[in-house]
Amino acid sequence: MSHTVVIKDIRNVTHDVKRIRLEKPSGYSFTPGQATEVAVDRDGWRDEKRPFTFTSLESDSVLEFIIKIYPDHDGVTEQIGQLTEGDSLIIGDPWGTIEYKEEGVFLAGGAGVTPFIAILRDLHNKGEIGNNQLIFSNKTEEDIILKNEFESILGSQFINVITREEPAGDHVFLDGEIGKDFLKSQINDFGQAFYVCGPDAFNESIMDALKELGADPEALVFEE
Numbered sequence: 001m002s003h004t005v006v007i008k009d010i011r012n013v014t015h016d017v018k019r020i021r022l023e024k025p026s027g028y029s030f031t032p033g034q035a036t037e038v039a040v041d042r043d044g045w046r047d048e049k050r051p052f053t054f055t056s057l058e059s060d061s062v063l064e065f066i067i068k069i070y071p072d073h074d075g076v077t078e079q080i081g082q083l084t085e086g087d088s089l090i091i092g093d094p095w096g097t098i099e100y101k102e103e104g105v106f107l108a109g110g111a112g113v114t115p116f117i118a119i120l121r122d123l124h125n126k127g128e129i130g131n132n133q134l135i136f137s138n139k140t141e142e143d144i145i146l147k148n149e150f151e152s153i154l155g156s157q158f159i160n161v162i163t164r165e166e167p168a169g170d171h172v173f174l175d176g177e178i179g180k181d182f183l184k185s186q187i188n189d190f191g192q193a194f195y196v197c198g199p200d201a202f203n204e205s206i207m208d209a210l211k212e213l214g215a216d217p218e219a220l221v222f223e224e
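In full-length UniProt numbering, the protein residues as written are 1 to 224.
Please keep in mind that the hints were generated in silico from the structure rather than gathered at the bench. Ideal Cβ placement from N, Cα and C applies to all residues, glycine included. Among these hints, one or two may not hold up.
[Stated by the list, open to error] Each computed EDC-like pair below joins lysine to aspartate or glutamate, with the alpha-carbon atoms no more than 16 Å apart:
hint, residue 1, residue 2
1, Lys49, Glu78
2, Lys24, Asp87
3, Lys211, Asp181
4, Lys24, Asp60
5, Lys24, Asp93
6, Lys180, Glu212
7, Lys180, Asp208
[What the hints assert, rightly or not] Computed beta-carbon distance windows for the label pairs:
hint, residue 1, residue 2, range
8, Ala201, Lys8, 32 to 38 Å
9, Lys211, Asp87, 42 to 48 Å
10, Gly44, Glu128, 40 to 46 Å
11, Asp47, Asp200, 22 to 28 Å
12, Glu165, Met1, 44 to 50 Å
Work out the full structure, taking the sequences as your base and the hints as a guide.
Structure, rendered in structure tokens:
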């Protein structure tokens, strides 16, 4: 079932990421980590559906998405980047992507952090952040999505990794991508759950490294 929903607020989170808040259809429900198909309510684009994860919570009065805009792709996100308050999106029913199972380590690459936002917000609201850890890899400091919120929710359990430039802030700089040695230096227990989401190459390399370090394949949760 599809719903046409009006944008109530749209603003920049980073230089190429937007936060979009929409009216919430009556009775519409989802769980943290779930996504839906989204299309732009414009001629020629209504059948161009793309999956995006909800970053709002079930208890919120609005629906929220945090979406990276690719203006050079001439696609759906480029269209979304042109929208303003009062424009509409078309959303479908929610479906599962990443589901929280137990305390562990969240590993995100760039906009791959979006499935983790609602999960971590929900745990924070319940007072259940516990020992959960977020290792978040970005190319530059200006790419970091919701840096202040993650710092507030997770404190020292939020590890920022910058891979393209020496950061000025309190971040970890890696000249290259996250690998086995870095994971070994940051993680004490490879018997816990791991949640992985990012570009395909990021997911594959992280999953391979975790398995080599002794992680249980059954405890690896990733977006398929």
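Practice task
Would you list, in rising numerical order, the hints stated earlier that this structure does not obey?
Solution key: No numbers; nothing is violated.
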